[in-house]
Amino acid sequence: MRTGTEKEKRSRGRPRGFITEEVLEKVRGVFLAKGFTGASLDELSAAAGLNRPSLYAAFGDKEQLYIATLRFYGTKSIEGLDAILAGPGTIQQRLARVYSAAIDLYTAPPHRPGCMIVGTAAVESPTYPKIAEAAAELLAAIEKSLERGFAASDLPRKPAPAARARMAGAIMYAIAIRARLGAKAADLKAFANSMVPTICA
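In this note's numbering, the protein residues as written are 1 to 201.
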């Protein structure tokens, strides 16, 4: 039989209804706004709705929390990318939809969150090798998703699907940088649409 003290001890741990994905989505907003080094543990704890000991018990230190958030962001991004590339239409139409969806995400009001890789991971990578490694893994996974999309299309085999994927990824990163600098969504979409024929030539 559990005593009142035992129940109290259990209640001090992870809150009931704790969902990892929900916490990572909440702290992602802090990392996007403040960056890895700029985000304080108090801000992250407040966003997560967890006290600092609970946050540490669930995810480890701030770097581990950031990497978990980056990987969560990457998983969701690649799921969306795969879904669009497997959707209807020509590969040109699907690639244009990929860019449009990314631009809508990067420029969403009210704070224009941008891309987590370009906006935060790239800045921290020279100082934090584990962040650099996680970001590189995510970039490789994004390019692999694009490569699968091109390989399944009826485009000529030259350039190879992997080469097209690298080109498409480079345009994605250019879009993310421009979005971070305040470019309008309409201008970004016009730029992306102008590059699709070249990538798919």
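Note that these hints are calculated values from the structure, not bench results. Only a predicted model underlies this, so the values are computations on that prediction, with no experimental measurement involved. Beta carbons are placed, not taken as given, at the ideal position from N, Cα and C, and that holds for glycine. Mixed in with the good hints there might be a few duds.
[Claimed, not checked] Result set (SDA-like, lysine to any residue): computed pairs, CA atoms no more than 25 angstroms apart in a straight line:
| hint | residue 1 | residue 2 |
| --- | --- | --- |
| 1 | K130 | E63 |
| 2 | K62 | G87 |
| 3 | K130 | G87 |
| 4 | K158 | I177 |
| 5 | K189 | E63 |
| 6 | K144 | S54 |
| 7 | K76 | V118 |
[As the list claims (entries may be wrong)] Quick list of simulated restraints, FRET-style, between CB atoms:
| hint | residue 1 | residue 2 | range |
| --- | --- | --- | --- |
| 8 | G38 | A151 | 16 to 24 angstroms |
| 9 | E25 | A141 | 25 to 33 angstroms |
| 10 | T198 | P88 | 19 to 27 angstroms |
Here is what the structure says about each hint:
no.: 1; hint: K130 to E63; verdict: holds, 8 angstroms
no.: 2; hint: K62 to G87; verdict: violated, 38 angstroms
no.: 3; hint: K130 to G87; verdict: violated, 34 angstroms
no.: 4; hint: K158 to I177; verdict: violated, 29 angstroms
no.: 5; hint: K189 to E63; verdict: violated, 34 angstroms
no.: 6; hint: K144 to S54; verdict: violated, 36 angstroms
no.: 7; hint: K76 to V118; verdict: holds, 16 angstroms
no.: 8; hint: G38 to A151: 16 to 24 angstroms; verdict: violated, 40 angstroms
no.: 9; hint: E25 to A141: 25 to 33 angstroms; verdict: violated, 19 angstroms
no.: 10; hint: T198 to P88: 19 to 27 angstroms; verdict: holds, 23 angstroms
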